[in-house]
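Protein chains: 4
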Amino acid sequence: MRRTSSTRARVSSPIDERFAHLLARYGEIRSATEALCVDLSAEDCALQSMPDASPVKWHLAHTSWFFETFVLEQGLDGYRHFDPSFRFLYNSYYVGIGERHARPERGLISRPALDDVHAYRRHVDKSIARWSRTTNPTERDLETFELGLHHEQQHQELILTDLKHLLSRNPLGPAYAPAPESSGTEPGPLRWIAFPAGVREIGHGADGFSFDNERPRHRVYVNPFQLASRLVTNREYLAFIDDGGYERPRLWLSDGWDARASQQWTAPLYWQRAGGRWRVFTLHGIRELDPDEPVCHVSYYEADAYARWAGARLATEPEWETAAAGLPVAGNLVESKRFHPATGGSGDGLQQMYGDVWEWTNSAYLGYPGYRPAGGAVGEYNGKFMVNQMVLRGGSCATPRSHIRATYRNFFYPWARWQFMGIRLAQDA
Amino acid sequence: MRRTSSTRARVSSPIDERFAHLLARYGEIRSATEALCVDLSAEDCALQSMPDASPVKWHLAHTSWFFETFVLEQGLDGYRHFDPSFRFLYNSYYVGIGERHARPERGLISRPALDDVHAYRRHVDKSIARWSRTTNPTERDLETFELGLHHEQQHQELILTDLKHLLSRNPLGPAYAPAPESSGTEPGPLRWIAFPAGVREIGHGADGFSFDNERPRHRVYVNPFQLASRLVTNREYLAFIDDGGYERPRLWLSDGWDARASQQWTAPLYWQRAGGRWRVFTLHGIRELDPDEPVCHVSYYEADAYARWAGARLATEPEWETAAAGLPVAGNLVESKRFHPATGGSGDGLQQMYGDVWEWTNSAYLGYPGYRPAGGAVGEYNGKFMVNQMVLRGGSCATPRSHIRATYRNFFYPWARWQFMGIRLAQDA
Amino acid sequence: MRRTSSTRARVSSPIDERFAHLLARYGEIRSATEALCVDLSAEDCALQSMPDASPVKWHLAHTSWFFETFVLEQGLDGYRHFDPSFRFLYNSYYVGIGERHARPERGLISRPALDDVHAYRRHVDKSIARWSRTTNPTERDLETFELGLHHEQQHQELILTDLKHLLSRNPLGPAYAPAPESSGTEPGPLRWIAFPAGVREIGHGADGFSFDNERPRHRVYVNPFQLASRLVTNREYLAFIDDGGYERPRLWLSDGWDARASQQWTAPLYWQRAGGRWRVFTLHGIRELDPDEPVCHVSYYEADAYARWAGARLATEPEWETAAAGLPVAGNLVESKRFHPATGGSGDGLQQMYGDVWEWTNSAYLGYPGYRPAGGAVGEYNGKFMVNQMVLRGGSCATPRSHIRATYRNFFYPWARWQFMGIRLAQDA
Amino acid sequence: MRRTSSTRARVSSPIDERFAHLLARYGEIRSATEALCVDLSAEDCALQSMPDASPVKWHLAHTSWFFETFVLEQGLDGYRHFDPSFRFLYNSYYVGIGERHARPERGLISRPALDDVHAYRRHVDKSIARWSRTTNPTERDLETFELGLHHEQQHQELILTDLKHLLSRNPLGPAYAPAPESSGTEPGPLRWIAFPAGVREIGHGADGFSFDNERPRHRVYVNPFQLASRLVTNREYLAFIDDGGYERPRLWLSDGWDARASQQWTAPLYWQRAGGRWRVFTLHGIRELDPDEPVCHVSYYEADAYARWAGARLATEPEWETAAAGLPVAGNLVESKRFHPATGGSGDGLQQMYGDVWEWTNSAYLGYPGYRPAGGAVGEYNGKFMVNQMVLRGGSCATPRSHIRATYRNFFYPWARWQFMGIRLAQDA
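As given, the protein sequences belong to chains A, B, C and D, one line each in that order.
The numbering of the first sequence is our numbering, which starts it at 1 and goes up by one.
The numbering of the second sequence is our numbering, which starts it at 1 and goes up by one.
The numbering of the third sequence is our numbering, which starts it at 1 and goes up by one.
The numbering of the fourth sequence is our numbering, which starts it at 1 and goes up by one.
Don't read these hints as lab results, they were simulated from the structure.
Here a beta-carbon is modelled for each residue, glycine too, at the ideal position from N, C-alpha and C.
There could be a bad hint or two in this list.
[Stated by the list, open to error] To be clear about the criterion: a stretch of chain A counts as covered by chain B if any three or more of its residues have a C-beta under 8 Å from a C-beta of chain B, and this derived list gives those stretches:
no. : segment
1   : 88-101
2   : 364-372
3   : 377-390
[As the list claims (entries may be wrong)] Distance ranges between label pairs, derived from CB positions:
no. : chain 1 : residue 1 : chain 2 : residue 2 : range
4   : A       : Ser262    : B       : Asp83     : 31 to 37 Å
5   : A       : Tyr93     : B       : Lys337    : 44 to 50 Å
6   : C       : Leu327    : D       : Ile193    : 38 to 44 Å
7   : C       : Pro84     : D       : Thr266    : 32 to 38 Å
[What the hints assert, rightly or not] Going by beta-carbon spacing under 8 Å, a handful of chain A positions derived as facing chain B:
no. : residue
8   : Pro196
9   : Val199
10  : Arg219
11  : Pro249
12  : Arg250
From just these sequences and the hints, can you work out the full model?
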């Protein structure tokens, strides 16, 4: 059932205020996406460097497809598609919507051109504006619209990580952005912060946006534990490498040891050894490795092996979340425009919980007790990936500040390395 | 430090009694292994049908290797190896012991012959007898010895499942054993048994044998849930198939959907459709599918999809274990010599919790809070597999009765199907 | 030793005249390459659709690299590279020159941009002009320079065939160029032209350019044979399909039958069946299949199977070459700007020997008796590919007229289909 | 139409004499096959070490299947199959006969047991005897029967080479047979034997048995050439290795260089380097490399690279055959029971042309002018493999003397190494 209201004279209501707020956010987020790409050529945006990564152009289109498919098709009377073939071309994995273009082939599309995709974005933006003036949104409408905003923010992060992977495959080592001037503060000594045992609640409660996989808020029993005050640094990780970390099978999970061998890992992704020195590819090009930075671009297998070598372990989801519960969302997030983890972590209490690098947890990505995926095709958003992946927490230097929170559950296969992924240690009390 | 006691005059002590008990068990378990193979030819025992499965001959040798390596090498003065090359040839995955023969190449070994492997078993048996007369065992010695017993029981199950896979690849469909005469009882209607919420303890406590992965006993918070009174039957699973279960992506996890496609799954392993009827390969050869038997040889992906289709889910480990906690270990286990799941499940309360089929849980195989692997090379037994696998509970028709218990955690990759694996449903209260 | 002649006062000599001619050709051929790309976007030119195909941008650069490496580096004093990294980036397979960028990764290069590659071409053109004014070329210099011209013409053909493959992978089916207006003439009935037995000479003699693989001219004994007067048409090939050609193993070479199965071939490349009609992707987009056109984009395996079905065979190299020896080089070559095979073949004598489609022969690509590869790194041009490939003759609708001749030996793996490849039948007399 | 003659009173005729001769040969050849296997266990005979190789048991059965399918089914009234399932199980690749068991799965068959296969052989032998007493064979019948004899001889060679591969994969390095006592004679210096140009005839003429691929005898023009007087030795090949032969791409065909890399070749198959010395696995177990023996177990790629390094090339088929035309069939063939190439090659004229190792030629395996495959399913014997393979000539130490001749064309993929394959050099005159 489509709702129309060609002439409206609404009084301000909570739902109106929230709608107005979301519409403002829409403008900001859509602009932020494009701002990330402003210095990229059409060629930069068209290429795909591996099946897991998508071309930037695809991200620009798919985020628009999301609003078109879940908001405009349902909610805007007489909506005219910019191009009917995009329904197929820019569907990521929603089988409820229909057939879609194969993911590994996203890099075979030279047409539509980047300019056409920008025109598509304009078309969707104008249509959203028209929809906003004519709709009388229900709570569910607002939820879907808000989901689109957070969805686009997720793709902002992927634009940066996928592009980084692409540029890294270019032997010329090109830069996305100039390097920042300041380099952060000294990392202090690693301290252990203790937390007591007990029944706790985790997961997202009633108010504010969350993805369905953060719900419902539920009880867990947490055994006593300690969390490291800061992230593991490159200097610490180098000690692991120099101690034969990549050659000692007893430090590794069996699957990790095999992945290491078949992928020929001897260091984190983007590290290069030349002339006895470690260099690292970053979004600012290739430069010397800074030993004080948080180690980044490690797989779960490497994070786990490092933790075992260090006599510790990774935190579980409930541990991380209960520890983070009261902390402000602040840190080296995408707004810092560093696009790289920063040195730091020397203050009191837990440091670097948000930003810099996603922190691998020792928890498999599964549904919470009582988990129910959202209805309709958006129900495919999270639930169908709940196997074989591990949860990461806390966001990274590519995550928008308004996108992250204590209950946020990111998830990747344990061999993934191309996101900004790092390590925080934990141990039993 | 080796302990010797050429002349002994011991008074009976608890440790002596336990040792005497374990030695008696040793004889029984070693004989039981060989009894499983008594009708098999050398050819039956030499072949390997896939990298995940091993030749029967390898199992016969490897279980002996375990006692040789972890008991005799350490504990028997002047122990002479039957053949020094076996140290390499029959090591499964213990990197702490040294290099080993590649698993996928176990089927390339025509020599040593089966007769030589039987002679190896005799050599180890005699050496264990000699060791038993000369050792003054510590608690740790008994633990390792007992681990060897349970290890051999695990391989008894694998002998049956690996052999079943091999025979299934033979287009002639040969039988391992004649079919049993009786076919069990009618499965009754599926009922839901409710369990309340609360803090519970799971895992193995102080007394009796357990694997390290069952420890430590620890607290968990369990939300209210219900468990199906019996296993899912072939009849019920056929309704899922007939309802398009294998063609509806919305019922599947994404990885499961892809596995289904790449493996071309349209039914459980060993099912064959011909002339509009379903037939099934069993250890008794090929026969008609019995709709009342528990469904078997399904992957986690299929179990999960079936549960979703049925409007339910799989149980978690804490749910299964707290439900099973008070039940006697009884059911269609290997001692029934059926070598196949039996019809049944009609009584009051929870039925078929032990035996018939391993029950896939919705829990990833991870270490419990406070988990510590055993010391030395036996520490590789369980811990290094704690990623990418799902836990199964309850044992199967190929499991020895003395091997299974409520806290027992079996684990396989979610795509595995060649074990006797089935489905019990759960749901939120 | 570099030769310099800052002040020159040369009298006209045969070598001078030839040099002047080649310099004129240089200008024409370089322009022709760019004319092929004039309507392509930077995105069109950057993508790579399979390891066998290269991005158009790569072709534009590599052909310039060839002149830079083999002419300018050796012959122009003080030559300054446009970008030293291009020596690595645009080397195709000349190990004598040094390391090179991996072929399957040519599609990962967004920078240098297409504009930069065009600037590179200008730089090389200017340097060639400077070289032409300052060099006093030896015979060997002219040979290498001329080789560069023919090399660039080969890549003109690859630009069209690689781009065609890329555009075909785009579900939108975009066109490279508008379709031609006229459609050619009717194909007449297939007639057999007889040739007598005897000792013949094939291969390239002394005068004029040839690749090293066409030399030396040598004697062969040719048994009596007959050649079809024209190419096999789509109509004829459809009869093969309709007669179960792709389902009858006895018609196929064993390797071909396996390739057919693993590649799921049921028709030539670029054919699509929808609604009971065959459509075909062309450089003009997707359109109805014209039954009168020569069949195109078939592998050697398909050509061989078709010939067997038709009760005939493919010609050998000596047969094709002795038959073609006296014919003028004329036909539907790239200058017709059709970019697709044309209907025709109805006249007297052998028709369609040049142009339209490369004709698979039944000869493996091997060195002629007395074959010697050229000296230096250009010796890698042809010789190292002399195994596992089959020879094709006669050029195609993508071949420049000045590039093809009776002795020309093209070669591809028997499974290749993305070139304009077709079928002419032969039979024993 | 079956022919029967329950009562016969035949006068002796040429066809009768030939039949009698063939029946005697049948007995000898069948016994020779079994003699090769007499010391092998059922386990030795059941295993398959790679898709290209088959279990010995399979060879024993398949050679019987050939007589059953092509002789007994057609020619013996009331023939009763030993087991109807064998028609499927032991068909190698004859699609004209029907479906067949997949080649890579021949090692999954523990039942029928080796004893059953021997009983199958007895059944076929008795049936052939019965057929011989009741048939009135046509010329075509005798041809097919004789083809079965040569077919079985081919599999005698494969029994040895496939078994060698299997035993080589066993880390214990078991022996098939004890080593011979004498080691042959010294290889003399390599001399060049010159042959003049001219029109020659090659291929098999009218009399005596040949495979269809040796026919028809036809004219070729042979350019002047020289052939090495003997095979290349291990000493000579070691000089190639020590000169960096496996690390210099300019010596290799491009496909060969890639195969070398992906297969990690650094020496011939079965060579092992330990402690600065080369050892080699043979059918007598592992021993020191004898530098005077002919080099063996090299691919075409290695043979070609060696020849290029040595400033020579491999011979073509016409060259080899015209050179061999007048020579007696003598050498280190299977009857010597060495099962390994022998040192030698020091006499006058061409040495070692027969036996020791198959000699790679520079000719692709294609049909001769006028080639016609035999009719019926046996027409699949040779013709369908005429692509992608290279021809080898002269037989090896595993070839029966009565099986080889000057016109014999063996063929393998250029990467194959597990046959007894070696190198003879040639050069232009």
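Structure-based check of all given hints:
Only residues whose C-beta sits within less than 8 Å of a C-beta in chain B count toward coverage, and the segment 88-101 of chain A has 3 of them, enough to reach three; the restraint holds. With 5 residues carrying a beta carbon less than 8 Å from a beta carbon of chain B, the segment 364-372 of chain A meets the three-residue requirement, and the given coverage holds. With 7 residues bearing a CB less than 8 Å from a CB of chain B, the segment 377-390 of chain A meets the requirement of three and the coverage assertion stands. For the pair Ser262 of chain A and Asp83 of chain B, the supplied restraint of 31 to 37 Å holds, since their beta-carbon distance comes to about 32 Å.
A hinted range of 44 to 50 Å holds for the C-beta pair Tyr93 of chain A and Lys337 of chain B, which are about 48 Å apart. At roughly 42 Å, the beta-carbon separation of Leu327 of chain C and Ile193 of chain D lies within the given 38 to 44 Å, and the hint holds. Look at Pro84 of chain C against Thr266 of chain D: about 34 Å separates their beta carbons, and that is inside 32 to 38 Å. Look at Pro196 of chain A: its Cβ only gets to about 13 Å from chain B, farther than 8 Å, so that hint breaks.
This hint holds: Val199 of chain A has a C-beta 6 Å from the nearest C-beta of chain B, less than the 8 Å allowed. Interface restraint check: Arg219 of chain A against chain B, minimum CB-CB distance 5 Å, threshold 8 Å, status holds. The beta carbon of Pro249 of chain A is positioned within 8 Å of a beta carbon in chain B (closest approach about 4 Å), and the interface hint is therefore held. Because the beta carbon of Arg250 of chain A sits about 6 Å from the nearest beta carbon in chain B, less than 8 Å, this interface hint is met.
Hint 8 alone, counting from the list given before, is not met by this structure.
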